[in-house]
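J.: Those protein sequence lines, which keep their order, are chains A and B. Residues in the first sequence are numbered from 1 upward in steps of one, following the working numbering. Residues in the second sequence are numbered from 1 upward in steps of one, following the working numbering.
Where hints are given, some of them may not hold.
Claimed, not checked - The calculated label-pair distances, taken between Cβ atoms and stated as ranges, are: (1) A:I263 with B:G155: 54 to 60 Å; (2) A:G265 with B:G144: 33 to 39 Å; (3) B:E76 with A:F104: 21 to 27 Å; (4) B:G144 with A:G171: 28 to 34 Å; (5) A:G171 with B:S80: 33 to 39 Å; (6) A:G265 with B:N42: 55 to 61 Å; (7) B:R170 with A:G171: 50 to 56 Å; (8) A:S112 with B:E242: 42 to 48 Å; (9) A:G171 with B:R148: 21 to 27 Å; (10) B:G269 with A:P187: 54 to 60 Å; (11) A:D111 with B:Q141: 43 to 49 Å; (12) B:Q141 with A:R75: 40 to 46 Å; (13) B:E194 with A:G265: 43 to 49 Å.
Hints were generated in silico from the structure; no laboratory data involved. What you are looking at is a predicted structure, and each value in this text was computed from that prediction instead of being measured. Glycine included, every Cβ here is placed at the ideal spot set by N, Cα and C.
The chain contents come next:
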Amino acid sequence: MAAKAGGPMQKGVGKLPDRALFLFSLLIYAFLYAPILVLMFFSFNSSKSTQSWTGFSTEWYRALLTDQTIHDAFRTSMIVGVTATLIATAIGTLTALALTRHNFRGQTFADSTIYAATVMPEIVVGVSLLVFFVAVFLPLGVELGIVTIVIAHVAFTVSFVTIVVRARLAGMDESLEEAAQDLGAGPVTTFVRVTLPLILPGVMAGALLAFTLSFDDFVITFFVSGVGSSTLPLKIYSMIKFGVTPVINALSTVVLVVTMILIFGGSRLLSRREGA
Amino acid sequence: MKERPTAQKPREGDQDSRREVAVALTGITKRFGEFAVVDDLNLEIWEGEFFSLLGPSGCGKTTTLRMIAGFENPTEGVISVAGEPVRGVPPYRRPVNTVFQSYAIFPHLNVFDNVAFGLRRARVPKDEIQRRVVEACEMVQLTGFEKRRSAQLSGGQQQRVALARALINRPKVLLLDEPLGALDLKLRKELQLELRNLQHEVGITFVYVTHDQEEALTMSDRIAVMNEGKVQQIADPSTLYELPKNHFVANFIGQINLFSGELESVDGGRVTLRSGEGIKIEALVRNGDTPEIGEQVQAAVRPEKIRFGETGENVCSVGVRQIVYLGVSTQYITEFADGTRLVLYQQNAHDSVGPEVGEQVNVSWDANHCLILGG
Ligand SMILES: Nc1ncnc2c1ncn2[C@@H]1O[C@H](COP(=O)(O)OP(=O)(O)OP(=O)(O)O)[C@@H](O)[C@H]1O
Ligand SMILES: [Mg+2]
């Protein structure tokens with residue numbers, strides 16, 4: 001009875017803040033997405049202006065398709081993204097396994113460095129990688145270019161993959177792996193038949209996250225790309241030096257849509273329940 | 001009153017020596033850091049036996065089972081399965097299978113693939129797998145559930161999958177860690193009988209872990225009672241109940257009334273003690289124990305062995321404090337003059353009227369039902 005009496009009271013108290021909260025969230029969303037919507041809006045503008053609307057057209061998207069340098073940048077971005085993702089996912093998954101399934105000296109330290117790596121300022125990562133590549137790779141004959149970009153992307157995405165896969169592993173019943181062993185599966189079979197299928201949503205989500213981060217990255221890539229290779233973000237940056245054109249709007253929209261699809265897919269995978 | 005390990009062997013020794021030993025644990029100690037979770041454990045589990053490890057939470061039952069399965073290595077001692085020492089043999093090469101407490105059904109596989117998992121690892125031909133899985137599902141009454149995932153199964157059904165998945169491999173020994181712990185009472189009772197029948201059918205040695213004394217008593221051929229990593233007594237259920245070796249076993253298995261006192265006379269297996277309540281009690285001594293006059297001992301008597309009246313060797317007067325109706329029987333909680341409790345059960349077989357609360361009555365029991373406990 002006492003609990004029931006408290007119910008409507010609490011609801012009454014909650015009413016006003018609820019409405020205020022709704023308005024507040026609306027403002028936040030507007031603040032976050034209005035610039036992006038404006039950008040997308042003007043990417044369909046028929047005139048060269050990015051300020052006044054003159055009519056609908058897909059002209060700038062067609063311009064994207066015909067510009068060879070944009071094609072090259074897109075290809076570089078894809079090659080870098082896919083390669084870095086594959087490597088980072090493999091390394092990140094194994095790291096996560098090592099951190100959750102084994103006890104070793106310095107585990108807590110290893111653990112915290114993984115987290116620290118995700119909040120490391122990009123500028124620091126970029127500069128340090130550049131210094132490293134120049135000091136170590138150049139003498140070996142490896143020029144700054146697509147190879148160093150891939151290595152840099154692996155380096156900064158691997159900790160994200162590790163964290164995502166780790167979360168999945170932590171939620172997994174360890175006795176499942178023991179059950180597999182108990183039923184005659186050796187370590188490799190256990191991993192392939194039981195562990196991997198169960199953490200696969202986490203691995204996929206980690207991979208998507210890695211690809212998104214790689215595809216979007218500007219700062220680190222800027223430092224390690226050298227002269228020949230340019231990824232999409234670098235290309236946009238170089239284009240903007242000659243003023244904002246609707247082509248940039250169109251290109252940014254494409255990058256944005258790709259990123260959104262990947263993020264959405266990733267969060268869908270992560271929220272998928274075990275075995276569902 | 002220290003006993004040699006041989007005293008743990010039940011009396012019907014000549015019959016048992018013909019049976020093969022399925023699992024032998026010799027001098028097993030397991031330490032996590034400084035703490036001995038299992039302490040100098042010696043067990044021989046016979047082939048085809050339903051053997052239970054019984055003890056309170058944290059006494060090392062799971063750890064013992066995990067050592068047999070190969071998930072933990074003993075700090076000291078030797079484990080043999082089917083006569084072969086298994087030190088260093090990984091779990092996937094041991095001829096044992098486990099039913100986990102959490103069942104550990106693979107959530108990404110359906111019932112069929114769960115049950116077939118072990119056979120596939122052993123590279124059994126496809127048509128034989130098909131046949132044996134169908135058989136195994138039939139055995140645990142899961143026919144028709146082959147396509148389901150674990151999320152679509154009830155607790156009892158998951159338990160059956162776990163059982164079928166383990167038994168289909170025809171292990172030498174099946175290890176079960178509180179397999180019924182997560183189920184409700186009614187289902188648990190049903191599955192207890194089913195499990196027991198199944199074990200008879202397949203003839204595989206079962207090592208069964210439980211903290212439920214009733215479960216252990218109803219299902220097992222023999223039980224090892226454990227406490228704080230040590231075996232207290234190994235015996236068949238009735239010996240365990242009627243002839244508990246010590247205070248812990250007597251208390252853990254069923255209810256018991258204890259009298260502490262000094263031995264006044266010893267006559268072979270028959271002794272007399274003067275209890276703290278001032279009562280003279282005649283009691284029996286376990287085979288092999290040799291108490292001496294003047295020694296401080298405990299005599300134990302089960303509540304259902306005590307009756308109203310003066311028809312036994314031990315008679316005393318108590319006041320009735322509380323009466324609890326239990327259906328099959330009635331529990332009387334009574335007190336001596338000094339406040340010590342004595343509990344007795346009376347069958348509700350006849351419509352005889354028992355004493356009322358507050359009445360002072362005489363109760364009695366036979367010396368044959370009163371046992372001197374070891375330390
Ligand atoms: N890996 C481990 N590291 C340290 N201590 C452990 C470990 N595993 C078990 N223990 C400790 O060993 C003791 C016995 O554990 P065990 O799981 O064998 O108990 P149990 O008899 O199965 O109890 P329950 O009935 O609660 O399952 C406990 O005190 C537990 O905390
Ligand atoms: Mg346990």
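J.: Taking the hints in turn, state whether each one holds.
T.: So, going through the hints one by one against the coordinates:
Separation of A:I263 from B:G155 is about 38 Å and departs from the stated range, judged on CB atoms against 54 to 60 Å. At roughly 36 Å, the beta-carbon separation of A:G265 and B:G144 lies within the given 33 to 39 Å, and the hint holds. The supplied range of 21 to 27 Å is met by B:E76 and A:F104, whose beta-carbon atoms lie about 25 Å from each other. Checking the proposed 28 to 34 Å range against B:G144 and A:G171 shows it holds: the Cβ atoms sit about 31 Å from each other.
For A:G171 and B:S80, the Cβ-Cβ distance of about 38 Å falls inside the hinted range of 33 to 39 Å, so the restraint holds. At about 58 Å, the CB distance of A:G265 to B:N42 agrees with the hint of 55 to 61 Å. For B:R170 and A:G171, the hinted distance range of 50 to 56 Å is not satisfied, since their beta carbons lie about 34 Å from each other. In this structure the hint that A:S112 and B:E242 lie 42 to 48 Å apart at CB is violated, the actual value being about 60 Å.
The hint said 21 to 27 Å for the Cβ distance between A:G171 and B:R148, and at roughly 22 Å that hint holds. Between B:G269 and A:P187 the C-beta distance comes to about 58 Å, which sits within the given range of 54 to 60 Å. The hinted range of 43 to 49 Å is satisfied by A:D111 and B:Q141, whose Cβ atoms lie roughly 47 Å apart. Distance hint check for B:Q141 and A:R75: the Cβ-Cβ separation is about 60 Å, which falls outside the suggested range of 40 to 46 Å.
Distance hint check: the CB atoms of B:E194 and A:G265 are about 46 Å apart, consistent with the given range 43 to 49 Å.
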